[in-house]
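In my numbering, the protein residues as written are 1 to 286.
Keep in mind that the hints are not guaranteed to be accurate.
As the list claims (entries may be wrong) - The list that follows gives simulated cross-link-like pairs (lysine to any residue, SDA-like), each with its CA atoms no further than 25 angstroms apart: (1) LYS139 / LEU224; (2) LYS259 / LEU145; (3) LYS139 / ILE113; (4) LYS139 / GLN221; (5) LYS211 / ILE136; (6) LYS259 / LEU131; (7) LYS261 / LEU241; (8) LYS211 / MET15; (9) LYS259 / GLN221; (10) LYS139 / ILE216; (11) LYS135 / LYS211; (12) LYS211 / THR83; (13) LYS139 / TRP220.
Hints are computed from structural coordinates only; laboratory data are not their basis. Being a predicted model, the structure only gives us computed values, none of them experimental.
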Amino acid sequence: MRMLPAWGHLIIYLMLIGFAELTVTYIHPQAGILFHLGILCALFLYSGYLSKDSMLVNKLQWFMIKDNKKPSSLLQTLIDRKTTLSSMLLALTLIPLIRILSLVMPLSFFHRIYWFLVIGIAVYLAFFFLLYQQKISLKDCGLRLPTPRHIPLEIGVMLLGVPFGYLEYYLLQPPSFIESISVENIIIAILILFFATGLMEEVIFRGLLQKKSVEILGVWQGMLFVSVLFAVLHIGNLSILDVVLVFCIGGLYSLVVQKTKTIIGVTISHTIVNAFLFIILPFTGI
1 MRMLPAWGHL IIYLMLIGFA ELTVTYIHPQ AGILFHLGIL CALFLYSGYL
51 SKDSMLVNKL QWFMIKDNKK PSSLLQTLID RKTTLSSMLL ALTLIPLIRI
101 LSLVMPLSFF HRIYWFLVIG IAVYLAFFFL LYQQKISLKD CGLRLPTPRH
151 IPLEIGVMLL GVPFGYLEYY LLQPPSFIES ISVENIIIAI LILFFATGLM
201 EEVIFRGLLQ KKSVEILGVW QGMLFVSVLF AVLHIGNLSI LDVVLVFCIG
251 GLYSLVVQKT KTIIGVTISH TIVNAFLFII LPFTGI
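Start from the sequences and build out the full structure, keeping to the hints where you can.
Here it is in structure tokens:
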């Protein structure tokens with residue numbers, strides 16, 4: 001049976017995530033949780049199947065070498081293709097995991113700002129396990145300092161966090177994540193937003209997933225896939241304009257990371273967006 005192209009797998013995945021988000025938003029959150037759980041299980045099972053299949057093909061090639069037969073380049077291509085796709089699907093399990101945790105957390109007794117902290121701890125554990133299992137370094141995911149020639153670009157994308165935060169606030173008008181304005185509350189909230197949204201989302205989307213998407217689909221198609229996936233996860237905000245805005249922001253961040261090979265600038269920019277969106281503007285009303 002002919003294997004579905006890699007881009008076909010990713011399109012199906014995008015559609016399933018989109019349907020899951022529509023279920024959460026317009027049908028019932030608990031049904032959406034089950035949908036995401038089904039996607040998570042399917043990704044694990046199919047990734048394992050592809051990994052096992054590639055190992056069998058690799059074993060067949062080894063026997064050919066042992067019998068002094070010339071290994072087939074087609075077999076090696078098939079092994080590489082299945083191994084890369086299996087690795088990508090395993091990395092994509094982080095997305096339904098994030099959504100399941102974020103949908104379950106409101107049922108707990110934590111203050112809203114601490115939902116992010118608890119979710120972040122769980123997702124970071126899964127993320128570091130994936131890096132260890134796939135032998136990927138943090139540097140490969142963009143956690144490196146920018147080169148001197150890219151510093152102006154990094155500063156520019158950081159500063160764009162302010163207007164992006166204003167735009168998203170006026171589209172969504174969310175309540176504040178803190179109960180009262182104080183230096184201590186603001187510092188704690190921004191640190192949580194940095195580690196549990198800015199850094200976590202950028203290292204996953206523009207770091208790990210963009211790296212793998214570009215390897216499979218090519219530069220522009222890989223960045224497009226990650227940007228669409230990032231935008232789809234904002235359907236629950238009940239604003240088409242916000243989804244479009246997030247897609248544009250995500251696309252810009254992808255371009256910057258592809259150019260600079262670091263997520264430092266976009267991480268700080270993302271944190272600034274969320275700080276204005278959830279802390280500063282809800283209180284000031286500017």
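These are the hints, each one checked on the structure:
1. Between LYS139 and LEU224 the alpha-carbon distance is near 22 angstroms, which keeps this suggested pair within the 25 angstroms criterion.
2. Proximity of LYS259 to LEU145 is assessed by CA-CA distance (about 13 angstroms); at most 25 angstroms being required, the pair is judged to hold.
3. Of the supplied pair hints, the one linking LYS139 and ILE113 is violated, its CA atoms being roughly 29 angstroms apart against a limit of 25 angstroms.
4. Only pairs whose Cα atoms come within 25 angstroms are accepted, and LYS139 paired with GLN221 is accepted, the gap being roughly 23 angstroms.
5. The hinted pair formed by LYS211 and ILE136 meets the criterion: a straight-line CA distance of about 11 angstroms does not exceed 25 angstroms.
6. Distance hint between LYS259 and LEU131 is fulfilled; the C-alpha atoms sit about 23 angstroms from each other, no more than 25 angstroms.
7. Annotation: proposed proximity of LYS261 to LEU241 is violated, straight-line Cα distance about 29 angstroms (limit 25 angstroms).
8. Restraint check: the Cα-Cα separation between LYS211 and MET15 comes to about 21 angstroms, which is no more than 25 angstroms; the hinted pair holds.
9. For the proposed pair LYS259 and GLN221, the alpha carbon gap of about 15 angstroms is at most 25 angstroms, so the pair holds.
10. With a CA separation close to 20 angstroms, the supplied pair LYS139 and ILE216 stays within the 25 angstroms bound.
11. Proximity of LYS135 to LYS211 is assessed by CA-CA distance (about 14 angstroms); at most 25 angstroms being required, the pair is judged to hold.
12. The straight-line distance between the Cα atoms of LYS211 and THR83 is roughly 15 angstroms, inside the 25 angstroms bound, and the hint therefore holds.
13. Distance restraint check for LYS139 and TRP220: the Cα-Cα separation of roughly 22 angstroms lies within the 25 angstroms cut-off, and the hinted pair is therefore satisfied.
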